[in-house]
Amino acid sequence: MVLFNYVFIGALLLGAIGFAAAPLVVVAIVAPRRRSREKQDIYECGLRTTGETWIRFRIQYYIFAMLFVVFDIETVFLYPWAVSYVGLGAFALFEMVVFLVLLFAGLLYAWAKGVLRWV
Amino acid sequence: MATSTTPAQPSVSRPEWTTIIDPVLQKELEQHVLVTSWDQLLGMVDTVYNWGRRSSLWPLGFGLACCAIEMICTASSRFDIARFGAEVFRGSPRQADVMIVSGTVTKTMMPMIARLYDQMPEPKYVISMGACATGGGPFKEGYNVVSGIDKYLPVDVYVPGCPPTPQALLNGLIMLQKKIDGEKLDVTLPVLGHVRKGNTSWYSENVERDIPVPVLGPDLIDLRLVEVSAERTAQGLIEAREETLAKPAIIAAPKTDAAEAALEAEEAAAAVAKGGKPPKKAKRAVAQPTLVWLGEEGLNALAGRLDAEFGAGTATIIQAGLLIPAEKLVAVAYYLRDRNPIKYDYLASLQSVHYEDCIEVNYQLDSTLDPGKVITLRARTSAVECEGELPTLSSVWRGADFQEREVYDMMGVKFAGHPELKRILMWDGFAYWPLRKDYLEPYYEGPTKVFDSRVEEGFGRHFRSEELNPHGTNMKIPKDYKDWDKLSSGDDTKGKTLMPTGVDISELDTDQFIVSMGPQHPSTHGVFRMNLRVDGETIVGLKPVMGYMHRNHEKIGERNTYLMNFPFTDRLDYLTSMGNNFGYALAVEQLMGDEAKVPERAEYIRVIMAELTRVASHMWSIGFLLNDLGAFFTPALYAIEERELILDLFEWAAGSRMMCNYYRFGGVAFDLPKGWIERCRGVVNDRLDGKIDELDRYLTANEIVLDRCRGVGVITREEAINYSTAGPVLRASGVNYDIRRAAPYGIYDRFNFDVITAEHGDVYDRYLVRLREMRESVKILKQAVADIPDGPILPGKKSYQIKVPAGEAYSRVENPKGELGYYVVSDGSPTAYRYHVRSPSFINLTALERMCLGYTVADVVGILGSLDIVLGEVDR
Amino acid sequence: MWAIIGIVLKIGVVVGLMQGTVAYLILVERKVAAYAQDRIGPNRAGRHLTLPFGIKINLPFGLLQPIADGAKMVLKEDVVPTYVDKPLYILAPMIAIIAATLGFAVVPFGPVGPGQVMQFQIAPGVDIGIVYVFAIGSLAVYGVVLAGYASNNKYSFLGGLRSSAQLISYEVPLGMSILGMVLLAGSLDLGKIMAWQDQHVWGIVAQPIGFLLFLVSGFAETNRLPFDLPESEQELVGGFHTEYSAMKFGMFFLGEYMHVITVSYLTVILFLGGWDFPGLSVEQTGLLSAILKVLVTAGKVSFMIFLIMWIRWTLPRFRYDQLMDLAWKSLVPLALVNLVATAGIIQLIRG
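Protein chains in written order, with our numbering: chain A, 181 to 299; chain B, -11 to 864; chain C, 212 to 562.
Rather than coming from a laboratory, the hints here were simulated on the basis of the structure. Be aware that a few hints might be false.
20 Å max Cα-Cα, derived SDA-like pairs, lysine to any residue [to be verified]:
#: 1; chain 1: C; residue 1: Lys540; chain 2: A; residue 2: Ala208
#: 2; chain 1: C; residue 1: Lys403; chain 2: A; residue 2: Val266
#: 3; chain 1: C; residue 1: Lys297; chain 2: A; residue 2: Arg217
#: 4; chain 1: C; residue 1: Lys540; chain 2: A; residue 2: Phe284
#: 5; chain 1: C; residue 1: Lys540; chain 2: A; residue 2: Leu247
#: 6; chain 1: C; residue 1: Lys540; chain 2: A; residue 2: Val206
#: 7; chain 1: C; residue 1: Lys297; chain 2: A; residue 2: Val206
#: 8; chain 1: B; residue 1: Lys437; chain 2: B; residue 2: Phe451
#: 9; chain 1: C; residue 1: Lys540; chain 2: A; residue 2: Ile253
#: 10; chain 1: C; residue 1: Lys297; chain 2: A; residue 2: Thr229
#: 11; chain 1: B; residue 1: Lys271; chain 2: B; residue 2: Ile238
#: 12; chain 1: B; residue 1: Lys167; chain 2: C; residue 2: Gly257
#: 13; chain 1: C; residue 1: Lys540; chain 2: A; residue 2: Asp252
#: 14; chain 1: B; residue 1: Lys437; chain 2: B; residue 2: Asn740
#: 15; chain 1: B; residue 1: Lys316; chain 2: B; residue 2: His406
#: 16; chain 1: B; residue 1: Lys167; chain 2: C; residue 2: Arg255
#: 17; chain 1: B; residue 1: Lys243; chain 2: B; residue 2: Ile305
#: 18; chain 1: C; residue 1: Lys403; chain 2: C; residue 2: Glu494
#: 19; chain 1: C; residue 1: Lys221; chain 2: A; residue 2: Arg217
#: 20; chain 1: C; residue 1: Lys403; chain 2: A; residue 2: Val263
#: 21; chain 1: C; residue 1: Lys297; chain 2: A; residue 2: Ile235
#: 22; chain 1: B; residue 1: Lys679; chain 2: C; residue 2: Thr525
#: 23; chain 1: B; residue 1: Lys679; chain 2: C; residue 2: Glu494
#: 24; chain 1: C; residue 1: Lys297; chain 2: A; residue 2: Asp252
#: 25; chain 1: C; residue 1: Lys221; chain 2: A; residue 2: Val187
Residues from chain C shown here face chain B by an in silico Cβ test under 8 Å; the list is partial [said to hold, decoys possible]:
#: 26; residue: Ala234
#: 27; residue: Ala256
#: 28; residue: Leu274
From a predicted model like this one, the values you see are computed outputs, not experimental measurements. Here a beta-carbon is modelled for each residue, glycine too, at the ideal position from N, C-alpha and C.
Here chain A stands alone, though its shape is the one from the complex (with noise of 0.2 Å):
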């Protein structure tokens, strides 16, 4: 039964998809369309551009990303544990500290490295 709770969402998704394609298709059929070389170029202040766009990009973001996923799943962790901690004693408490002062001291270990100094 609870399965069924979802199928709302279901619902939901097709009429978002709907409503998402439908502003498209419209614009596809009413829309003028006049195609032209300086028209379909990448626009860059009035300038045609120079050099690649698609680089190799600095590795920052990609250790952003990384830590992203790290403390997520903390927080994913952090969820159930939160809804039961009423049920829960002391210890679930204790244990809990102790497994955030791990994420942290992590956090402490990339500040001190200067991951987090973004350039």
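Once you've looked at the hints, dock chains B and C against the given chain A.
The following block gives chains B and C in isolation, referenced to the frame of chain A:
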């Protein structure tokens, strides 16, 4: 105002099965419910469609020149373009509906405008705002000015004015809405085929409606006309026409007093020998570099010291300037900077003059430690095209960097050892050296305005300057130009060679990319461009590219009579027209000497106007700095509220909000109207302080402002001086140097005010200096409006014919942006022989690269905002 | 059968209302901007209109402005530049809208729970509640990142990268900031959290730090000033949507405002008591009280939305590195401390 493009009513093609019904019945039906014909149905579609578009016209967010300022004012609370749903200025052409061409269209900018227009999605509209966009306006004769955007783009509405007031722009918008109301769609339906022909043509599929992007070749070349242009060029029509015209005079360079006297005696003797009278001695202006200078004795002593140090003949005094041989120039410069008793650490200005026998480059130097001891150095080189060469002084004073490039660009003089000697205002590949006396513009008509009447005798037909040029447009290409078929609209010659190389800052092998910020960009304050090389978001290389607003101010100034040039100075830094007038008036007054002695009342009026301008300009600058930091227009619009009151005062006194054209040689144009001074007192005493306090309260301690501004864009005291920065930028680095105190002009020595300085030289300090300077200006204003006496406003009668004695002068005023200097050489004729503007915005930009390296893309915008540039002045 | 029709109806009504609200929010935003800047704002659209069949209307306050904008956008050419990654380029705005719509599924916009006349929630009974909202909310980042990448434009590219880093960074404090409320209410179900607030105190009193963290992260998640770096018009022209025209551009806007609505609802539900108001309590299950509760919630949400707009038109923007510093060096540690402190206090009270 609106173009009358209502073509003949298109014939309506009805589908065959349309039944014909009784007209009376049809009318009846139409009145009530039924749609009885295709036309009516389509008419309803048109109505809805047109209404949608007219109510939601989003302009492309780009401003070209002075008009852009009024365009921004149109969005301010007083005029509020938002009422029409048109306040959504989009930075990207992809999201814009209407392009407001606001200002002078230059040749350098034209390819960008065409490309931006092409990149806008259909349906799109063009409003041509102001005289320049419509037909070239006052700058039409300029060699870098396109005489009207409609040479390239289809214009829907023309808005007259120079600049049009915000109300006029709103009216233009309403006109455009009316035009949209009359549009009918061209309808083709899947089954029925072509149903109706409308008066618009966006719906025809896959039709190229491209405006070919013109090319910057030897001149701006319209690719649609390339064959005709090639043919006419090959025939040498331009050269043939030029031969028939009177050429501008070219005079000999000034000589030492002894040589001059000898020459005069010789001429007199020759004349007597011929049997005539000896010619009357032409009046000469007092020889002095500028009003406040080292003085004759000091100069003699200095010349002696230089001769002693570097050998006899090093320094020859010519017209109160030191002529230094080219080979000793660098050594002398180092000596003057480092070892001379008065340390000339500040290169105020650098410009060149094309004489008959040489091209002279002269340098105005001052000392920030002992200000007001200005001297002029002269260096001479060959006058033959492209042969002149001098050593660069950019290693001594970094501030010479851009100015030397400008000399190279305008006169073709090379500077040996210059790190990056490329064209700065024009583009690489431009065929001429425009400020040489032997270069005649494509629309050249004669050496001096006023030109002949453009109304043909007896016919009443008015002809345009286009008709004088064999190409029918503002174009001139050397006869021997051959590479016509190599022209391609993909080449952006301008700035192409100015790509920053940059350095690797990370240990890992990542790529950097080059991105161009500008010329059309929401926060470059006009059509300024920076080529950035970024690693991540860090700037590792930056090259400013300018000239997109180069509208030939100096060349035009050499055709205009002295008086006619006043309104052009308004359009330099279009936020501070009164201040610009002031400087120009001073320069010519210096030449005129006692003839132009300013009466007391006029002196007060001048100071009041200049200080009001300063307040208005700084308010604008602070407001838009905040805008650059990302605060969406709110602070900016608050800041310019009081500016509107000041503009009202200007309008009342001078007749125009922005382009006041108010100063005259020896005074001002009109006396203050009755009640003006009371209203001015009201604004000064009751409003300005409150507004400055308000800005102070909200911004000075604002956390985000502090975070974004402190420690960003730092320039040290030594660098600030060496880069010749001026005004608030210089003072924010701790240099106590304000022309009003360093070399007092007008009656500034009578007022009690402080020169504001700060220590860190970062964006925040520049903001702070401006804020506090406004308080000082208000202080001056309060004294001036209290003390202003009655009396005349001009020394004599109003005169349109001004005799300016031969000589040269350099005037300096402390404009809101920094030291504004005018260098004028007169040969005694009604026009200036050479006219140069030392523009603070331009020279302050020399330090931009130094300020930005190592900071992020977001900071660049803030740093540029803190420099407070105005493109009209940068590119002139 | 009736149940299914009911569901469809509810979805239709809610999504429809939301679209309408979003369109008008854009007008409201423009009006708020005008108000902040001493202006009038749009007031022409809707004035003196003659509709087909001779119907004349005259509406004040530019009430038809959103419709005019919509009409224009639909009939505006949709430029797809040659150099873009076409599938992704088209997908990106769709993702933005789909994610924003889906996120609203479990948000209760009125009273929910057993015994109510009606469940004011599209998908009642999804017990993971808030976690679902965050999960779907994270998907929205794809819209922005893909748009930035697919456009093949340097401004878009920078905007997209900034955005990805910003959104994922703020997701962490956002998730952690509500843990305190979850601890107190003992449930992830938003209805239960509201009920808890009705019986005890509003979340803003019980969890002031949590509220602050949530508000700040919420701003960042919705890309609103002072955190609108992906767009940052002054630096990146239009950021990730620079290359988007017509309706696709409009879809990003719709998505953004839907996000604003969702975040405002969440703030109200989690920290401002949801439908709680003096005189209303969880026991009342009548139709009248239900309507009142919906209205109270909507009122509070309107206030939140106004606050968000007000801030946008007041403050300058942070710089990128400052933004990241704020997330990782201030908000995340603060959220952790807040969590431990809350848990500790609960433990103490329990003895």
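We went through each hint and held it up to the structure:
1. C:Lys540 / A:Ala208: Violated, at about 47 Å.
2. C:Lys403 / A:Val266: Given pair Lys403 (chain C), Val266 (chain A) holds - Cα atoms ~15 Å apart, limit 20 Å.
3. C:Lys297 / A:Arg217: holds (17 Å)
4. C:Lys540 / A:Phe284: Answer holds: Lys540 (chain C) to Phe284 (chain A) is near 11 Å, not above 20 Å.
5. C:Lys540 / A:Leu247: Cα-Cα ~13 Å, so holds.
6. C:Lys540 / A:Val206: With a Cα-Cα distance of about 47 Å, the restraint between Lys540 (chain C) and Val206 (chain A) is violated, given a limit of 20 Å.
7. C:Lys297 / A:Val206: holds (18 Å)
8. B:Lys437 / B:Phe451: Given pair Lys437 (chain B), Phe451 (chain B) holds - Cα atoms ~17 Å apart, limit 20 Å.
9. C:Lys540 / A:Ile253: Given pair Lys540 (chain C), Ile253 (chain A) holds - Cα atoms ~19 Å apart, limit 20 Å.
10. C:Lys297 / A:Thr229: holds (19 Å)
11. B:Lys271 / B:Ile238: holds (18 Å)
12. B:Lys167 / C:Gly257: Judged against 20 Å, a Cα distance of about 19 Å means the pair holds.
13. C:Lys540 / A:Asp252: Holds, because 16 Å separates the two Cα atoms, which is no more than 20 Å.
14. B:Lys437 / B:Asn740: Violated, because 43 Å separates the two Cα atoms, which is more than 20 Å.
15. B:Lys316 / B:His406: holds (16 Å)
16. B:Lys167 / C:Arg255: holds (17 Å)
17. B:Lys243 / B:Ile305: holds (9 Å)
18. C:Lys403 / C:Glu494: holds (13 Å)
19. C:Lys221 / A:Arg217: violated (47 Å)
20. C:Lys403 / A:Val263: This hinted pair holds, its Cα atoms lying about 12 Å apart.
21. C:Lys297 / A:Ile235: At roughly 18 Å apart (the allowed maximum being 20 Å), Ile235 (chain A) and Lys297 (chain C) satisfy the hint.
22. B:Lys679 / C:Thr525: holds (17 Å)
23. B:Lys679 / C:Glu494: violated (55 Å)
24. C:Lys297 / A:Asp252: violated (32 Å)
25. C:Lys221 / A:Val187: holds (13 Å)
26. Ala234: violated (12 Å)
27. Ala256: Check passed: Cβ of Ala256 (chain C) comes within 4 Å of chain B, closer than 8 Å.
28. Leu274: Violated, about 11 Å.
Checked against the numbered hints given earlier, the structure breaks hints 1, 6, 14, 19, 23, 24, 26 and 28 and satisfies all the rest.
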